[in-house]
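Under full-length UniProt numbering, think of the first position of the sequence shown as 1, with each following residue one higher.
All the given hints hold, so there is nothing to weed out.
Taking lysine to any residue and the SDA-like style, the derived pairs with C-alpha atoms no more than 25 Å apart in a straight line are:
hint : residue 1 : residue 2
1    : 143       : 183
2    : 171       : 114
3    : 118       : 156
4    : 76        : 136
5    : 72        : 87
6    : 83        : 45
7    : 141       : 125
8    : 87        : 40
9    : 143       : 121
10   : 146       : 166
Now the in silico label distances, taken between C-beta atoms and shown as ranges:
hint : residue 1 : residue 2 : range
11   : 181       : 157       : 17 to 25 Å
12   : 166       : 25        : 22 to 30 Å
13   : 152       : 177       : 19 to 27 Å
Since the hints were made in silico from the structure, they are not lab data. Even for Gly, the Cβ is constructed at its ideal location relative to N, Cα and C.
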Amino acid sequence: MNLRPLYKGRKKVEKMVKINYKLYKEFLDKLLDSLMDRLQEEKIISCALFGSVARGEAKPYSDIDLLIVCQKRSAKSMKKFVKVLFKLEETKEYKKLVSMGLHPDPYPIFVTPEELSKNPLILLDILDHGIILYDRKNFLKGKLQKFKEKLKQLGARKLTFEDGSWAWDLKPDWRPGEVIEIEI
1 MNLRPLYKGR KKVEKMVKIN YKLYKEFLDK LLDSLMDRLQ EEKIISCALF
51 GSVARGEAKP YSDIDLLIVC QKRSAKSMKK FVKVLFKLEE TKEYKKLVSM
101 GLHPDPYPIF VTPEELSKNP LILLDILDHG IILYDRKNFL KGKLQKFKEK
151 LKQLGARKLT FEDGSWAWDL KPDWRPGEVI EIEI
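Turn these sequences into a full structure, and let the hints guide you.
Laid out in structure tokens, this is it:
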């Protein structure tokens with residue numbers, strides 16, 4: 001099978017449209033409204049977009065990375081999320097993105113406030129380019145601020161490489177055997 005025409009078509013879409021958050025905004029608004037409605041039992045506290053869509057570097061097949069902080073979570077939460085996605089596939093917002101050659105597939109990470117406090121490393125992906133879509137009582141904004149302060153105390157720094165990829169050096173003066181604990 002010759003994939004060259006498919007690849008050329010994808011390149012054409014990338015050149016035609018700057019794929020970023022603004023392009024996905026209507027769909028994300030619809031998604032968030034649906035989640036707030038369907039996940040009432042879980043009590044959503046915050047929702048943030050991160051990854052390539054938030055950075056403005058998305059490709060047509062990029063997923064939509066979401067951090068969803070909710071009071072409680074379970075397998076039932078994920079089932080509800082999947083039901084929301086199936087319904088969203090019928091909306092004009094979803095169909096519009098698909099007609100542009102995009103594949104708006106959300107990839108959620110559900111955490112409780114306690115889980116986020118004990119293991120906040122997901123926030124590394126949200127610090128610079130994350131977009132907070134919903135934030136009850138500035139919960140996530142506060143956690144991000146505490147996390148920045150903790151990183152500063154450690155002397156952490158973000159390393160960016162020539163190819164555009166990046167990594168975090170959480171404690172440049174780390175010594176073998178030293179344990180680094182990051183809780184916020």
